[in-house]
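2 protein chains.
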Amino acid sequence: MNASLNATPSVETLYLSAPEAAELIRRKGLATCLAGVADYIRQDFGRWTAFDKSARVANHSRDGVIELMPIADDVTYSFKYVNGHPKNTRAGLPTVMAFGVLADVDTGIPKMLSELTLTTALRTAATSVVAARVLARPDSQVMALIGNGAQSEFQALAFHHLVGIQEVRLFDVDRVATAKLVANLRDSSLSVTVCSSTAEALRGADIVTTVTADKTNATILTSDMIAPGMHINAIGGDCPGKTELHADVLIGASVFVEYAPQTRIEGDIQQLPADFPVTELWEVLAGQRPGRVGPEQVTVFDSVGFALEDFSALRFMRDAAAELGLGERISLIPVMANPKDLFGVLHQPARATWPADLRGAMAPAAAH
Amino acid sequence: MNASLNATPSVETLYLSAPEAAELIRRKGLATCLAGVADYIRQDFGRWTAFDKSARVANHSRDGVIELMPIADDVTYSFKYVNGHPKNTRAGLPTVMAFGVLADVDTGIPKMLSELTLTTALRTAATSVVAARVLARPDSQVMALIGNGAQSEFQALAFHHLVGIQEVRLFDVDRVATAKLVANLRDSSLSVTVCSSTAEALRGADIVTTVTADKTNATILTSDMIAPGMHINAIGGDCPGKTELHADVLIGASVFVEYAPQTRIEGDIQQLPADFPVTELWEVLAGQRPGRVGPEQVTVFDSVGFALEDFSALRFMRDAAAELGLGERISLIPVMANPKDLFGVLHQPARATWPADLRGAMAPAAAH
Chain A
1 MNASLNATPS VETLYLSAPE AAELIRRKGL ATCLAGVADY IRQDFGRWTA
51 FDKSARVANH SRDGVIELMP IADDVTYSFK YVNGHPKNTR AGLPTVMAFG
101 VLADVDTGIP KMLSELTLTT ALRTAATSVV AARVLARPDS QVMALIGNGA
151 QSEFQALAFH HLVGIQEVRL FDVDRVATAK LVANLRDSSL SVTVCSSTAE
201 ALRGADIVTT VTADKTNATI LTSDMIAPGM HINAIGGDCP GKTELHADVL
251 IGASVFVEYA PQTRIEGDIQ QLPADFPVTE LWEVLAGQRP GRVGPEQVTV
301 FDSVGFALED FSALRFMRDA AAELGLGERI SLIPVMANPK DLFGVLHQPA
351 RATWPADLRG AMAPAAAH
Chain B
1001 MNASLNATPS VETLYLSAPE AAELIRRKGL ATCLAGVADY IRQDFGRWTA
1051 FDKSARVANH SRDGVIELMP IADDVTYSFK YVNGHPKNTR AGLPTVMAFG
1101 VLADVDTGIP KMLSELTLTT ALRTAATSVV AARVLARPDS QVMALIGNGA
1151 QSEFQALAFH HLVGIQEVRL FDVDRVATAK LVANLRDSSL SVTVCSSTAE
1201 ALRGADIVTT VTADKTNATI LTSDMIAPGM HINAIGGDCP GKTELHADVL
1251 IGASVFVEYA PQTRIEGDIQ QLPADFPVTE LWEVLAGQRP GRVGPEQVTV
1301 FDSVGFALED FSALRFMRDA AAELGLGERI SLIPVMANPK DLFGVLHQPA
1351 RATWPADLRG AMAPAAAH
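Line order of the protein sequences matches chains A and B. So for the first sequence, this note's numbering puts the first residue at 1; every next one is plus one. So for the second sequence, this note's numbering puts the first residue at 1001; every next one is plus one.
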């Protein structure tokens, strides 16, 4: 609105497809992207009170859930669409698919539409890192990784590159998933141990990451498996009726969450009374409350995924796409000569040919 | 999930841009599209209890609002993104911009991404028609149209083609907007009268449509203007702090709404106590409650726009796009050879050239 009086702001939307997001990550490097997203998340959590926050809106069905996760500060609005359908893999489909939008708060223009399936894996791992940096023991070197599905490589490599983990101990009820993870980690310098049970994987671990997908109240971790000083990065318990930790594990630990109103509904703490004490991660990052206070303390990051992390991740992808000249401009919003004359859009002269002309609605961003 | 065991469902998304939606409406004809959307809305309101409904999620800012409007039945999920920024027109931008998605409830796949700026104008007018057919006097011929902005042509033509209105009486504080509306109605067979006040416009009107945009508690209609037997189609009072009718107009009428929990927050009835009696439109359409009961009754459709109308409109646009071969397939979701191997997407062989290769992520739908 502050631009030159004669210049009408563009209503074009930058579109970043899944293949382009993959290309972006390849060109910048996964470790660089994970570090970048973690930086943006830490920055945005540091100005927590600047955001208009709400719990996500979920439509539950028999086999899954579809959620919308909006958030805004004074300048930028974002939302993510994301599903969770554990049975999808049986049909050859991903469990989680996502996309999202960044919009301009002043005008409502959707400035960017981006894939978020790959990007969600980055931001979830980056959020785990931001939490682990203040909650795990600084000398942590060994991580148990329970659940070896679509997000496991991102967790393993994020903790390797950004937290200093040197060894991962893997377990999944699906041995094929574990074999895939082992193969995908072959080119990293991580030491990889395949275990035959969760209990075995946890032996000697400094950090435990649970990232399982079953939509049930599972009990992946029980108190007898937990050693003093462990940090538990609990990712998979993230909607009503879907938990991973026995209640006693939570009761015996200091529990940290992203946004308490949402986590009490969706996180592992859904098993506990509404007044069970938790600390919000931003309070630790802002220095208002302590994170880990000693080497024997057991800490749990009961992570469910919060809209602010997607806001940060979308900002990172937008900036990286601009840097690399990736993305295309699309005409999601009609261009109107007179903003009160929407009807006139129907009578704009048809373009020369059909349908090739409409392809012109999409052009490489670099051309603009 | 019921398809052949060997066929992985496609994760491609049909994308219908704003220029393509305009082309669709031109090719089918506006009256046909309005009638089609009205039919879909009536069908979907007729199975009201089959839907998982919620009030929309709104992020309010100084100059406007951005909203997400999700809804689902057992098969299909939809949401709409829509803004409302009355000051946008000063910057040459539309007040309302929108897009939306249809997704598959069983898998979460986003099947269609569509512009909804034009489509929202269609569905709002079509919803007004569905309501007026049961609430206005059957002999209605004259409509006052207060607010001559972006939606006014769609309201005028919908009531002309589908309700039998022969004359429209226009008023807007912005005379340029009225002149635009007059010009746009020139090719219709509507008789058009420009008035110098709301009161003048209402004289002799059977139906009154208010579709103003100011984000204030305005008082566009007062009781002294209302004649027995009028139907008031109140479109513009649609968010907290934005109303058009004096409370006495509501108190003296039978008030019909889309979805009471949302309308009590956003509609003109936000001025009245929470127990002010209203009838939901679907109850009338289902024959459970009466609509208009006599020729002297004053009826008000306090319309705020409900997610189900966008669900219906998206279904119509999807079916019409398929019929006409419009739309393009986009790769919003990554194609994964193994659904548990998201990481593998990063290592799929790069395509031959750059950036033209990624343009291949978008292809005309007809080619598939």
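Because the hints were derived from the structure by calculation, they are not lab data. Any given hint could turn out to be false.
Said to hold, decoys possible - Below, simulated BS3-like cross-link-like pairs (lysine-lysine); rule was C-alpha separation at most 27 Å, straight line:
#: 1; chain 1: A; residue 1: LYS28; chain 2: A; residue 2: LYS87
#: 2; chain 1: B; residue 1: LYS1053; chain 2: A; residue 2: LYS87
#: 3; chain 1: B; residue 1: LYS1111; chain 2: A; residue 2: LYS87
#: 4; chain 1: A; residue 1: LYS87; chain 2: B; residue 2: LYS1028
#: 5; chain 1: B; residue 1: LYS1028; chain 2: B; residue 2: LYS1087
#: 6; chain 1: B; residue 1: LYS1111; chain 2: A; residue 2: LYS111
#: 7; chain 1: B; residue 1: LYS1028; chain 2: A; residue 2: LYS53
#: 8; chain 1: B; residue 1: LYS1028; chain 2: B; residue 2: LYS1111
#: 9; chain 1: A; residue 1: LYS111; chain 2: B; residue 2: LYS1087
#: 10; chain 1: A; residue 1: LYS111; chain 2: A; residue 2: LYS53
As the list claims (entries may be wrong) - Computed footprint of chain B on chain A, listed as stretches where at least three residues anywhere in the stretch have a Cβ under 8 Å from a Cβ of chain B:
#: 11; segment: 42 to 50
#: 12; segment: 135 to 142
#: 13; segment: 177 to 187
#: 14; segment: 248 to 261
#: 15; segment: 304 to 317
Owing to the predicted nature of the structure, the values given are computational and were not obtained by experimental measurement. Even glycine gets a Cβ: it sits at the ideal position worked out from N, Cα and C.
Each hint tested on the structure:
Under the criterion of a C-alpha separation no larger than 27 Å, the hint pairing LYS28(A) with LYS87(A) is inconsistent with the structure, at around 33 Å. Restraint check: the Cα-Cα separation between LYS1053(B) and LYS87(A) comes to about 25 Å, which is no more than 27 Å; the hinted pair holds. A threshold of 27 Å between alpha carbons decides the hint, and for LYS1111(B) with LYS87(A) the separation of about 18 Å falls inside it, so the pair holds. Straight-line distance between C-alpha atoms of LYS87(A) and LYS1028(B) comes to about 40 Å, which puts the hinted pair past the 27 Å bound.
A threshold of 27 Å between alpha carbons decides the hint, and for LYS1028(B) with LYS1087(B) the separation of about 33 Å lies outside it, so the pair is violated. For the given pair, LYS1111(B) sits about 22 Å from LYS111(A) by alpha-carbon distance, which is consistent with the 27 Å threshold. A distance of roughly 42 Å separates the Cα atoms of LYS1028(B) and LYS53(A); the hinted pair therefore is violated under the 27 Å criterion. With a C-alpha separation of about 23 Å, the suggested pair LYS1028(B) and LYS1111(B) falls inside the 27 Å cut-off, and the hint holds.
Straight-line distance between C-alpha atoms of LYS111(A) and LYS1087(B) comes to about 18 Å, which keeps the hinted pair within the 27 Å bound. In summary, the hint linking LYS111(A) to LYS53(A) is supported, as the alpha carbons are separated by about 20 Å, within the 27 Å threshold. With 0 residues having a Cβ less than 8 Å from any Cβ of chain B, the segment 42 to 50 of chain A misses the three-residue criterion, and the hint is violated. Restraint check on the segment 135 to 142 of chain A versus chain B: 0 residues with Cβ-Cβ distances below 8 Å, three needed, restraint violated.
For the segment 177 to 187 of chain A, the stated coverage by chain B is satisfied: 3 residues place a CB nearer than 8 Å to a CB of that chain, which reaches the threshold of 3. Coverage of the segment 248 to 261 of chain A by chain B is violated [criterion: at least 3 residues with CB-CB distance below 8 Å; count 0]. Counting residues of the segment 304 to 317 of chain A whose C-beta sits closer than 8 Å to any C-beta of chain B gives 0, which falls short of three, so the coverage hint is violated.
The structure fails to meet hints 1, 4, 5, 7, 11, 12, 14 and 15 from the earlier list, while all remaining hints are met.
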